[in-house]
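Engineer: So you can see what is in the structure, the chains are spelled out below.
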Amino acid sequence: MRIELIKRKEHSQLMAMLSPILAVGLTLVAAAILFVLSGTDPLLGLFKFFIEPLLDVWSLQEVVVKATPLVLIACGLSVCYLSNNWNIGAEGQFVAGALCGSALPILYPEFETAATLPLMLLFGVIGGALWALIPAILKTRFNTNEILTSLMLVYVANLLLDYLVRGPWRDPDGYNFPESRMFSDAATLPGIGDGRMSIAAPITLAVVVILALVLSRTIKGFEIRVMGESPRAGAFAGFSRKGLTLFSFALAGGLAGLAGTMEVSGSLNQLLPTISPGYGFTAIIVAFLGRLNPIAILVAGFVLALSYIGGEAVQASMGVSDKIANVIQGLLLFFVLGCDTFINYRLRVVTSRSSGEKAGA
Amino acid sequence: MFEAVLLTVITAATPLLIAAVGELVVERSGVLNLGVEGMMIIGAVVGFAVANQTGSGTLGVLAAILAGMAMSALFAFLVLRLVTNQVASGLALTILGLGLSGMIGESFIGIPGLRLPELYIPGLSDLPFIGPVFFSHDAVVYIGFALVGLVSYVLFRTRTGLILRAVGDNHVSAHALGYSVLKVRFLAILFGGGCAGLAGAYMSLAYTPQWVENMVSGRGWIALALVVFASWLPMRIIAGAYLFGAVTVLTFHAQAQGIGIPSQFLSCLPYLATIAVLVVISANRRLTLVNTPACLGKPFVPDR
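In order, the protein sequences belong to chains L and C.
Okay, so the first sequence: first residue is 1 according to the UniProt record's numbering, each after it adds one.
Okay, so the second sequence: first residue is 1 according to the UniProt record's numbering, each after it adds one.
Check the hints yourself; a few may be wrong.
Each pair of labels, with its calculated beta carbon distance range [stated by the list, open to error]:
1. Arg-285/C / Arg-346/L: 38 to 46 Å
2. Ala-294/C / Arg-2/L: 23 to 31 Å
3. Asn-284/C / Arg-2/L: 39 to 47 Å
4. Arg-2/L / Lys-298/C: 18 to 26 Å
5. Leu-7/C / Ala-233/L: 55 to 63 Å
6. Ala-4/C / Leu-43/L: 53 to 61 Å
7. Arg-232/L / Leu-162/C: 25 to 33 Å
Stretch-level coverage of chain C by chain L, calculated; a stretch enters the list once three of its residues show a Cβ under 8 Å from a Cβ in chain L [what the hints assert, rightly or not]:
8. 74 to 86
9. 100 to 107
10. 224 to 238
11. 266 to 275
12. 281 to 288
Listed next, the in silico PhoX-like pairs over lysine-lysine satisfying Cα-Cα at most 25 Å (straight line) [said to hold, decoys possible]:
13. Lys-183/C / Lys-242/L
14. Lys-242/L / Lys-220/L
15. Lys-298/C / Lys-183/C
16. Lys-242/L / Lys-298/C
17. Lys-183/C / Lys-7/L
18. Lys-298/C / Lys-7/L
Treat the hints as calculated values from the structure; they're not laboratory data.
As the structure is a prediction and not an experimental result, all values here were calculated from the model.
Cβ coordinates follow ideal geometry from the N, Cα and C atoms, glycine included.
This is chain L alone, in the form it adopts within the complex (with noise of 0.2 Å):
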């Protein structure tokens, strides 16, 4: 007896919707051992990691603040995917955009006008995107590997924000600590409600709104899906495979560097050695999850938010280790990747008296 996979004549609708929220249930079983093998009770940890943090107002805004950036960044990385261009480098982008975004209240601090938010989220975009324009003119004009050149792009855009904390950009009233000066008010997005949300959350949702109607009625998106599914035909159709690989690298960093600006202006007021806790790798999670669909994503980007804070949260109550959140959103990429198999294909049994028959028939 065997088991092999059948190709569909058509691509499964029910599966396409099922597959994510199977993922999401075998991903829980699995969170369930883990919580065994970790010695506590698995029903109290899923709990504790996945249901209480929705239960209470100030986590639930926490949620709020981690899905934000996670949406953001996915979104751009989505498009990048649905065009085959493997950036997996939007960490890297996410830093280099919030570099570039808080130069302006960082080094100019006394520039405190209305114009000055608009300003560094601009600067930020611009920074990620000409971050994000590296490994895509590489490859465009060298035929380089953008998987492996974005990525070693994430390892320089740390060491350089390490090196500006600790060194030029360090405050001067800081006792030698490694962080900036905190930004002024009017380098702090305004905040919503009494947590730390601010209005990052609604630019965030404008954006998956407004990519959402990109993809599916123009023009620029149809040549996305169409270069992604059959270049060939894309290049017949009048596309260019280049200008979409510089297109979708410099939306996808752009969108990963206005995230890291808001992070640093919304949530932490000034620059740390370290300012984000893998937004931009948790988000291949959440492109995948969202089935590279910006509203999904949305949905996609709650449920890895959730990690995050589940994992603090069982920590604090339980001792278990945070990278429990780690090794859950590791194995919810493997999940989401291994059902999304059956919107393709379906499995047939095949015993040896089956297979005889065939060979009868």
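Please arrange chain C on chain L, whose structure you already have, making use of the hints.
Structural biologist: Quick look at chain C alone, frame taken from chain L:
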């Protein structure tokens, strides 16, 4: 001084060499496994943990190899059985490996580690200069060189190698000839996983004998770049690994000498060098196209 530098270059190059030669075999079979970083870090933490618990470096190394293979088997199940996207699955493996290693390693942070013993070859190890530089390393250094020689021989001088390359270059024809594409690829992926595990163990048992989170710090990715640098020829991996080992060590020494360049800029060098090398190699189409496995990254579903 020169002798000391040379010694550290060898220790810095060895994990790159071993991980890269494993990935080379995987890619020659037509599979791109981007999970090298994740498998290496699992190898590092498992190797450290087992060596620490049992007091035996050898057991640590063996456990790390098995752990690397187990991780790669997970990847193999996804990309071979479930035909998932290889790039995304490799990333998943890296994310999972980093998370899992952090969780396993939490209780080992700050514990002094075990160093793999150096071999002593009577006569040779006592020679001035030549002895310490060539004949008094731990066994893994020599295993690394042996692996490169072995892989080179098997790939280009044996029937097994011919089948492996056929599967990587044209899986449809190989399947039609009666070779099991999936089986060949599965074994190649396992070999790559074992090598990555061994390379990881070398990090935590010889390079810096301790457990630090994220201690592989991109070496798995550099190993992937080395395969491109070597244009899929095993012998060239030695040159690549030693070039990168030298860059890493030179940055250390430059930092120690305090030459006035911020340490962060020096730490960037291996990553920037990787990008530079990739650009130079990929710009030369003749060099890459000849040896690139034609089916690299393409999924295969056998039709019976």
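Engineer: What are the numbers of the hints that this structure violates, sorted from low to high?
Structural biologist: 13
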